[in-house]
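Mapped onto numbering that gives the first Met the number 0, the consecutive letters of the sequence shown carry residue numbers 0 to 225.
Check the hints yourself; a few may be wrong.
PhoX-like mimics (lysine-lysine), calculated; alpha carbons at most 25 Å apart, straight line [unchecked claim]:
# : residue 1 : residue 2
1 : K223      : K72
2 : K105      : K120
3 : K223      : K113
4 : K43       : K105
Pair ranges (Cβ atoms, derived) [unchecked claim]:
#  : residue 1 : residue 2 : range
5  : G75       : A128      : 33 to 43 Å
6  : M135      : Q27       : 31 to 41 Å
7  : V10       : K223      : 36 to 46 Å
8  : W100      : L171      : 12 to 22 Å
9  : K120      : V16       : 46 to 56 Å
10 : E36       : F225      : 29 to 39 Å
11 : G82       : R203      : 41 to 51 Å
12 : I110      : P224      : 14 to 24 Å
Since the hints were made in silico from the structure, they are not lab data. For each residue, glycine too, the CB sits at the ideal point set by N, CA and C.
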Amino acid sequence: MTNELSILRWVHILAMVYWLGGEWGVFQTSYNVTNRELSLDERKRHMETAYRIDILARTGIVLLLPLGLHMGKIYGFVPFLDGTGIWWMWLFFAVWLTMTWMAFIKRETAIGIKVTMLEEKLRYPLIAALFIVAFMAFGGNGPIVTGEGSHWYPAKMALYAFALCIGLFLRLVMRRWTMRFQILAQGPNAAEEAALEREIAQARISAYIYWITISSVCFLGAVKPF
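Whole structure, please, built from the sequences with the hints as guidance.
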């Protein structure tokens, strides 16, 4: 069990690194996506680069939750995952990760957009459940069993749910990139250019909040302050 926990922690750190680093890569690439001085083809190449970087960040996001729950089971925080529960949990997230990669591979097709929309809709009940379970844990109720000295675990869960909320907005912005560039490919369009710049400006503000949230999740997991 000691090796199991160590391996899970190692993969958890890698997932967090890809999440944080990937978001930085997409952030920097977005400057060239909105640069009107570049040709449309050049801007589309930067958009493609952003998507290829982002899929690693998305993979890290998806993996962090089951890894955290698995470690929580070992710590004794998530008793409902004992027995076969852990396998059903991993099966659920394997399906989620498959959908994430399918949406990436087929991103410029109708099926890719449908999978993306479905995957995003699945996040809403998941986010709500994470918030509810986390706040119930602070009150000493619910499926997450924590107490004095281990409240960092539900706090980390709540911050992760908040990060998913920001991630939904950033995913929306990236999905709109594809649609707006399809319109721009037909010829210059000042309205689409303005909308693209406005949305990415909003996304950059969200990205700063995103990084602070991710760093806070890292802090809670590493320091376990309360």
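Violations among the numbered hints: 3, 5, 7, 9, 10, 12
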